[in-house]
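Quick mapping for you: the protein sequence lines, in order, are chains W and B. Position 442 of the first sequence, counting from 1, maps to 442 under the working numbering, and the rest follow consecutively. Position 237 of the second sequence, counting from 1, maps to 237 under the working numbering, and the rest follow consecutively.
Careful, some of the hints might be misleading.
When the alpha-carbon atoms are kept at most 20 Å apart in a straight line, the in silico SDA-like pairs for lysine to any residue are as follows [said to hold, decoys possible]:
1. B:Lys-189 to W:Tyr-346
2. W:Lys-113 to W:Leu-127
3. W:Lys-289 to B:Glu-93
4. W:Lys-289 to B:Trp-96
5. W:Lys-289 to W:Trp-197
6. B:Lys-43 to B:Leu-99
7. W:Lys-289 to B:Ser-85
8. W:Lys-466 to B:Gly-30
9. W:Lys-347 to B:Lys-43
10. W:Lys-75 to B:Met-318
11. B:Lys-73 to W:Ser-349
12. W:Lys-347 to B:Val-80
13. W:Lys-466 to B:Glu-324
14. W:Lys-347 to B:Ser-85
15. W:Lys-113 to W:Met-190
16. W:Lys-75 to B:Met-269
17. B:Lys-73 to W:Leu-342
18. W:Lys-289 to B:Ile-94
19. W:Lys-466 to B:Lys-238
20. B:Lys-73 to W:Tyr-346
21. W:Lys-466 to B:Gln-28
22. B:Lys-148 to B:Asp-225
23. B:Lys-240 to B:Ile-330
24. W:Lys-347 to B:Asp-81
25. B:Lys-189 to W:Pro-241
26. W:Lys-347 to B:Arg-77
Bear in mind the hints are in silico, worked out from the structure with no lab data behind them.
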Amino acid sequence: MTTTANRRELFGHTPDKNYYTASKGFLSWALTLDHKRIGIMYLVGVSAALFLAGTFALILRTQLLQPEGGFLSEKQYNQMFTLHGAIMVFAFIIPSIPAALGNFVLPMMLGAKDVAFPRLNLCSFYLWVFGTLFLLIAMLTSGLDTGWTFYAPYSIRTQTGVTYATMGTFILGFSSIFTGLNFLVTVNTMRPPGMGWFQLPLFIWALYSTAIIQILATPILGITLLLLIAERTLHIAIFDPALGGDPVLFQHFFWFYSHPAVYIMILPGMGVISEIISVHSRKEIFGYKFIAFSSVAIAFLGFLVWGHHMFTSGQSVVMNMVFSAITFTVAVPSAVKVFNWLGTLYKGSIALTTPMCYALAFILLFGVGGLTGLFLATISVDRHLHDTYFIVAHFHFVMVGGTLTALLGGLFHWWPKITGRMYNETLGRLAAFLVFAGFNLTFLPQFVMGSRGMMRRYAHYDPEFKIFHQWSTFGAYVLGLGVFLAYAVLLYAMKRGKPVSGNPWGAASLEWQSSSPPSFHNFDHKVIMNEPYDFSTQVYDEELDSYVHRRFLEPPKPATQPQHS
Amino acid sequence: MIANGLSVNQLVGFLAQTDGPPKAPTFQQGSYFFPVQASSFAKDSDWLYYFIFWVCVVFFAGIVGAMVYLVIKYRRRPGVDPQPSTSHNTPLEIAWSVLPSLLLILMFKWGAEGYFDEQVPFDNAEVVRVKASQFNWLFEYENGDFSKELHLTQFKNYEFRLESADVLHSFFVPAFRQKQDIVPGRYTKTWLRPIKTGEFRLYCAEYCGDNHSNMKTNVKVYLTDKERLAATAWDWEKKKVDSKGRIENGQRLFSIKCAGCHSTTGKRMTGPNLNGRWGIDEKLVGGNRKVDENYIMDSLMEPQKDIVDTFGPPNQNMPSFKGELNVEQIDWIAEFIKSLGATAADATPK
Numbered sequence: 001m002t003t004t005a006n007r008r009e010l011f012g013h014t015p016d017k018n019y020y021t022a023s024k025g026f027l028s029w030a031l032t033l034d035h036k037r038i039g040i041m042y043l044v045g046v047s048a049a050l051f052l053a054g055t056f057a058l059i060l061r062t063q064l065l066q067p068e069g070g071f072l073s074e075k076q077y078n079q080m081f082t083l084h085g086a087i088m089v090f091a092f093i094i095p096s097i098p099a100a101l102g103n104f105v106l107p108m109m110l111g112a113k114d115v116a117f118p119r120l121n122l123c124s125f126y127l128w129v130f131g132t133l134f135l136l137i138a139m140l141t142s143g144l145d146t147g148w149t150f151y152a153p154y155s156i157r158t159q160t161g162v163t164y165a166t167m168g169t170f171i172l173g174f175s176s177i178f179t180g181l182n183f184l185v186t187v188n189t190m191r192p193p194g195m196g197w198f199q200l201p202l203f204i205w206a207l208y209s210t211a212i213i214q215i216l217a218t219p220i221l222g223i224t225l226l227l228l229i230a231e232r233t234l235h236i237a238i239f240d241p242a243l244g245g246d247p248v249l250f251q252h253f254f255w256f257y258s259h260p261a262v263y264i265m266i267l268p269g270m271g272v273i274s275e276i277i278s279v280h281s282r283k284e285i286f287g288y289k290f291i292a293f294s295s296v297a298i299a300f301l302g303f304l305v306w307g308h309h310m311f312t313s314g315q316s317v318v319m320n321m322v323f324s325a326i327t328f329t330v331a332v333p334s335a336v337k338v339f340n341w342l343g344t345l346y347k348g349s350i351a352l353t354t355p356m357c358y359a360l361a362f363i364l365l366f367g368v369g370g371l372t373g374l375f376l377a378t379i380s381v382d383r384h385l386h387d388t389y390f391i392v393a394h395f396h397f398v399m400v401g402g403t404l405t406a407l408l409g410g411l412f413h414w415w416p417k418i419t420g421r422m423y424n425e426t427l428g429r430l431a432a433f434l435v436f437a438g439f440n441l442t443f444l445p446q447f448v449m450g451s452r453g454m455m456r457r458y459a460h461y462d463p464e465f466k467i468f469h470q471w472s473t474f475g476a477y478v479l480g481l482g483v484f485l486a487y488a489v490l491l492y493a494m495k496r497g498k499p500v501s502g503n504p505w506g507a508a509s510l511e512w513q514s515s516s517p518p519s520f521h522n523f524d525h526k527v528i529m530n531e532p533y534d535f536s537t538q539v540y541d542e543e544l545d546s547y548v549h550r551r552f553l554e555p556p557k558p559a560t561q562p563q564h565s
Numbered sequence: 001m002i003a004n005g006l007s008v009n010q011l012v013g014f015l016a017q018t019d020g021p022p023k024a025p026t027f028q029q030g031s032y033f034f035p036v037q038a039s040s041f042a043k044d045s046d047w048l049y050y051f052i053f054w055v056c057v058v059f060f061a062g063i064v065g066a067m068v069y070l071v072i073k074y075r076r077r078p079g080v081d082p083q084p085s086t087s088h089n090t091p092l093e094i095a096w097s098v099l100p101s102l103l104l105i106l107m108f109k110w111g112a113e114g115y116f117d118e119q120v121p122f123d124n125a126e127v128v129r130v131k132a133s134q135f136n137w138l139f140e141y142e143n144g145d146f147s148k149e150l151h152l153t154q155f156k157n158y159e160f161r162l163e164s165a166d167v168l169h170s171f172f173v174p175a176f177r178q179k180q181d182i183v184p185g186r187y188t189k190t191w192l193r194p195i196k197t198g199e200f201r202l203y204c205a206e207y208c209g210d211n212h213s214n215m216k217t218n219v220k221v222y223l224t225d226k227e228r229l230a231a232t233a234w235d236w237e238k239k240k241v242d243s244k245g246r247i248e249n250g251q252r253l254f255s256i257k258c259a260g261c262h263s264t265t266g267k268r269m270t271g272p273n274l275n276g277r278w279g280i281d282e283k284l285v286g287g288n289r290k291v292d293e294n295y296i297m298d299s300l301m302e303p304q305k306d307i308v309d310t311f312g313p314p315n316q317n318m319p320s321f322k323g324e325l326n327v328e329q330i331d332w333i334a335e336f337i338k339s340l341g342a343t344a345a346d347a348t349p350k
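Chain B on its own, in the form it takes in the complex (with noise of 0.2 Å):
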């Protein structure tokens, strides 16, 4: 039954490719307990982890040592009554309870700086919102570009301002060594300075539903500008005056605002698959309606209106893109919709 599940969903992965969470990049080993230091925070974090780690080393190392030679050297022998001893001995339970809070103070000020550090606001930072959606991340910079994974620049500062759509989200790099949650209905920052150029995950470290496994992306960090810039740069208007380049801008937008819970493969997500839809007949909870410009019109501002079968309640989760995307970025979604046909293999008219 295992082997079973497993080939399944290997052949699901295969096929989710293209279209699924970005192709990962290859882990970049740091340390043994640690990816890669590619922040400024980075270094600092990690020594003080190490700190901490002989410290216990040591404790532990003593307490093993202790109990071992105890068990050995007073093991019950026939015939043989335990020693008399003292039951308590209060100047060494003094010094062993407050030598070692030295050491906690130790950590807790080291702790605390660090903590400070990460905490005061860079100058001539550049603001990077971070919009985060059940199951989807999106990336703005300030000239108004934005992505799907996150594009930086090596050695430039960072401010993040973090906002959510919907539920508790946490914007986590490991490599940066750094999470802050994000709470709805408020804005959460945190600032980043990356330090080294490559590509790192980036993962939503708070539960937030269904498809929060899936909520991941990754951070590219670019040696200058101009390549950060050549990465997220899109020309909506250039493309938009013949039908490919507008197909091109409607991929661009489903990769960013929709794939996070559609895929256009087949594989079921927490919404319905778009792969092969357009103008079948589409079963919907209380009846049946044509997959065409309106329906998709429809689905992005009033998605509780049509419910496809399968998806009735509970999994009613769409939020609606009232105000978010415009009638002519709807037309763009809808086309490339209707580029991927309507001849997959689920699309047989019912």
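Bound-form chain W, shown alone (with noise of 0.2 Å):
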């Protein structure tokens, strides 16, 4: 048993450097190499990202006050709702959780150092950044406004800035690649001796997973956009019939690329809530090869079902069969996954800590999006919902309920880790209450709107739907101030939070057993292997206040440099 002098040493103290003391200046974090810093840097852009957009939608639900519209044109109305779209897509989710808490989380889950290529991961932030602006550009100059999905031939034809801003869409395409094919590479040549595939912690399965799509699915995007920047430009016929191109293909170009990068946007989400139901609930995941595996099937049957968006398109009735078919067949995965999460939370320890609030949350409301894509798969269902508010709802559950919500509880998870301090409990909870609460008040009402007929994408509406759009208003009011007051609760506590030890949650994966906030070289003494979910090697310590690796209460061993270092 070590003194606790020893533990002290090893466990208890923040490092004098830690990996934003390491170095100052604005060159040190524009040029680094540090995944974590890099993490940090995406952090604050795709929040950045988040707030713009997220105002423009809160713009969009004031005009849907009244009936008739409120302070916007129709013209104005079309160029929000397409830079909302647009910048919440391609800016903000489907970076999100992988380039954001991925790039700090991964590397360190494997007791790594850095990730395979950290030069390629500061040129994806790069290249995030270049998109974006390119976006901005778009917005600033002409506008934009074909919607996020630049559907021809409408977008071949309009004068506003559609070059611009699928160039950025396409540069951001390869910021996602980069991403991918570094995390790919990461997690098949550094895990460490004695981390087998089924070792890994199940959000690295998702990541993994979600690069699979982000490498095999973004070029498509890429250069089907690009063929859009030559048909504007040099009037190539690919798309617009008055060129005699086909404009239902750029539809299956489209969604080949957009139904996967939903599963972009869903499965790194789902492997934080995996992380943190079973932290918080100290009990080990609820049967892991079948969510790791989940997460391979979804991957994979995501590439099969593009077609169900377009079952009102005109294609053939047999091509709707058989994607309406297998559209089915991803229900079945998802449901897995929440049928293990709960399986989980039996017989554990259960705390309602922030992060597990928004698990809970993220359940409730990802099962609600799943099971609302049930009505839109079934095809005669679906040519009533289609382009209904019904749709609007239904995505807005999955991508809101399920990746912000994810991306919030991931973010209080690893914010001690992260910062070194520990949020305040009780405004964090409120927060997570008003997100849920305000979400719901915001895109339950649209489910019944647009089963009524309401369209989406009209900057006014029939009387009819007026009660439902006031509730949905209102609600995203709410939302509204639920994320900001989330954002502050995490910023005042990396100012003033109460400073935390290592390992807080008593979490068993490999990231916890760093200092909190990690030093530049993520561990300071060997990586102890463990399986990612057994707590029973977790002990708490009262001296610390921290819980330590079991070993470490026997005989030391020399502290040695760390691997792969």
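Using the hints, build the complex out of the two chains.
Right, here's the structure in full:
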């Protein structure tokens, strides 16, 4: 058994030089190769995108308070919903969890010092910056009014900044590919001895599945957007029937990427939830292999269902049938995950910490998002619901109720690790409640008005939908307040929060064996290999107010350099 | 600021009532989630919706119930460690993967069958050609009549042949539970059998540009063919003999062909307002031109030739009506615009 002084030496202290005090100055961040700093820069970036596009959302909802519309003209409204969608999807949701949280956590979960290609990682961040800048340039010059889907032939004929915006999206696509490639290689080559595929935390399985989709699907989007630019500028006939092209071809190309992209958005969120639920109920995850393989199954099946976005496009009856059938199969692995999370709660020791509140909210919201997908997979019902607010509500339940909730939950879960300080639990829970309540208030009424016939993308609407729109708008304000409060709690904790030790949650995955915040090299001592969900290895040490590995209560071994350094 | 915006908009809405989108029918509520069932497909589609709805309710209640129970029962208590339990149970996991799939197969089957029914062409169907363009609906019937609203007879089979002049549109009548995209460069088809008389809403369901939100009209379903034919009948030849009739002909053509983009009330829409423009010197991009018969003719045949100043790039979207309107029809439209006079407040010569 080590002495208290020894343990304090190893775990209790905050190193003088952690990753963000290790060097100073603008260039030390701008040129950093440290995955943690790149993760933080990504976090700042995607959060800015979230707040910008979120503000657009609130403006849109304010416009819809009255049936005859508010202060926006139809034209301004069209630009507003386009930018809300494009920035949220391409600049926020897709990079949010993998590039921000994943970058910070993935190498540490492997006990590694960094990702396999640190320079590629930094390059990916700068591509994100340039891509987003292009979107902003489009916004500030001639605007963009095609909807985030860029459907041809409207996108070829409109005079707005489609070329800038598609160029931006093209660049963002490469940012996404680079992150995916990096994670794929890192997981394949940098797992430490003793860590087989089934000793990986489930977050890594999720990121790995995501990386496969990013690498295989994103190039399709890239080439599609290049073809669109070529058609706009050189008038090569591809999608515009006036030139001899086929507009439905664009939809096939676009959804061949954008449906798998839905899983790029949601799979990392599912990974985060697996971590949170297990750690905060101190219970080994139930059915590890089912969850792991369901990620892979979702990634695979996600490639085969794009046609369900086109049930009304005029594609053949047989294609609609096949796509409907395959779409139903995606429901199975998604349901498996939900059941397994509930199974994990069984006989656990469940603490309703803020991350856990978000995780439980995720299960409910993703549950609604997934179940309402069944209506849309059923062709005859979808022929009515397609392009109504029912769709809008459905995908917001998955994207916001799923991914945004998981991102916030993940931020609260890893915030003590990232900043070395604990957030205020009461305010954290309050924010989680506001997000959950505001979200439901916003989007539940949209299901009803959708099935009653309220079309999406209308700047004003018929009077019978007024009451639903008003509920929805008030809900959006509450949701906005909740997200704002959550960020405020996190930022306050970063400055003034109570300092924490290495492992405040008693989590067993390797990233918690570092100090909080981690030092530049991630680990100051040799990482002790253990199963990621074997919480019996973690023992609470009152002296340090932290969990430490059981082995540290045994005679000490000389601290050595960490692996891969 | 919001209140201000609202009042201006309300005012504009009030002014637009005379020639904007047709006055909306009252919303006919069917069940809680749906408008009234006005086509032969609606009943099956709604039944399936409610089947899936109750399946979802049962599953969701199960998830919420299990979650609340587990969170309360196994909440963290000081000094109490988690009880040992198994971390996987293969039979259970296979069971909860496979059993719900059986329900999914049912949903797929019924959804596909309902869709098949919708896609089998009706016998003895009257063909209605639906011509969609930014931001106009035009319906042409077998007897040569055409109209801006869709007029149908109850219990009659219809085949809709959908065509678009420009970009994607989508033909959607919520009360009919039917939606079909309209793809430029090809025909798409859909079949319907109205089973209820009354007025229903018709929307463009695929975003099509600036004025998409205004691309909506009504469906009117009549009890008998006679009423339906009376609704679209219009004797152009009989009317054209006097000036009043020609103006009426022009007004009807205008409301069908032009009103999607041009107002006659002063409201600024996608294209210039045409109220009170006759005879004035219109300020164009690169010069002025008097609004007369030739100006109207040019605008319809060569719309890119004269662009009104405040509608310059990037707004030159007007299609040419060459081949679609003949000289006589253009004359009627010109007479109609002439009848609107040059008296509007914004028509003061500059």
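Any of the earlier hints contradicted here, and which numbers? 1, 2, 6, 9, 13, 19
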